[in-house]
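Q: As given, the protein sequences belong to chains A and B, one line each in that order.
Sequential numbering of the first sequence, starting at 32, is according to the numbering used here.
Sequential numbering of the second sequence, starting at 24, is according to the numbering used here.
Derived from the structure by calculation, the hints contain no laboratory data.
Be a bit skeptical, because a hint or two may be false.
[Unchecked claim] Derived Cβ-Cβ restraints for the label pairs, each shown as a range:
| id | chain 1 | residue 1 | chain 2 | residue 2 | range |
| --- | --- | --- | --- | --- | --- |
| 1 | B | Pro62 | A | Ser34 | 16 to 26 Å |
| 2 | A | Lys83 | B | Glu91 | 30 to 40 Å |
| 3 | A | Pro71 | B | Gln73 | 26 to 36 Å |
Just so it is clear, CB atoms sit at the ideal spot from N, CA and C, and this is done for glycine as well.
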Amino acid sequence: GDSVTQMEGPVTLSEEAFLTINCTYTATGYPSLFWYVQYPGEGLQLLLKATKADDKGSNKGFEATYRKETTSFHLEKGSVQVSDSAVYFCALSDPETSYDKVIFGPGTSLSVIP
Amino acid sequence: NAGVMQNPRHLVRRRGQEARLRCSPMKGHSHVYWYRQLPEEGLKFMVYLQKENIIDESGMPKERFSAEFPKEGPSILRIQQVVRGDSAAYFCASSPTSTGGGNQPQHFGDGTRLSIL
Numbered sequence: 032g033d034s035v036t037q038m039e040g041p042v043t044l045s046e047e048a049f050l051t052i053n054c055t056y057t058a059t060g061y062p063s064l065f066w067y068v069q070y071p072g073e074g075l076q077l078l079l080k081a082t083k084a085d086d087k088g089s090n091k092g093f094e095a096t097y098r099k100e101t102t103s104f105h106l107e108k109g110s111v112q113v114s115d116s117a118v119y120f121c122a123l124s125d126p127e128t129s130y131d132k133v134i135f136g137p138g139t140s141l142s143v144i145p
Numbered sequence: 024n025a026g027v028m029q030n031p032r033h034l035v036r037r038r039g040q041e042a043r044l045r046c047s048p049m050k051g052h053s054h055v056y057w058y059r060q061l062p063e064e065g066l067k068f069m070v071y072l073q074k075e076n077i078i079d080e081s082g083m084p085k086e087r088f089s090a091e092f093p094k095e096g097p098s099i100l101r102i103q104q105v106v107r108g109d110s111a112a113y114f115c116a117s118s119p120t121s122t123g124g125g126n127q128p129q130h131f132g133d134g135t136r137l138s139i140l
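Generate coordinates for the entire structure from the input sequences, incorporating the hints supplied.
A: Dropping the structure here:
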């Protein structure tokens, strides 16, 4: 079945460092891809999305490009802040269902230290 | 997380009791999804409901778990005879429509943290 794999955490970075969180997926069709962020004690918030190959999603300084050839959707940010500390989930929308069923990766915890 | 309301935020139950988790979707949303997040794990899909209908319950355990989304009132996730392994965070999400292809991002509540003693 469809699945999402992410790099294991936790990831600890100093403020203003460059961030990459790797994400790869397995899907039979052409899914939409998402990054969600979960701040401590809260639910998930959509960070960015891409719906087709070579699309780049971006928001709040974060970017991710839909790479069909490598089935990847890596999250990047040029300069992280302490407020970016959270758990990041890569996800896909299962293209085999007629509704927006979302499959999540296991999450990557990010801690940014001053 | 504005709009999707879950309550209670924390729920403690003893083994064998019943747990009822409530979710009020965002205004205008008629599609509700429930997910379970075990410690150190991602979210696992449980069930997808529209008003008065269960559309997909493939992620929900066959026994002890049930969900409903009545015409009036919140969606309810019910767990009967809880066991220690039910301890988790349960998240509800809603969307205005659900047409496939990922075109309708889901809006999440802050979750209910269920602890079983």
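Q: Just pull the numbers of the violated hints for me, sorted ascending.
A: none
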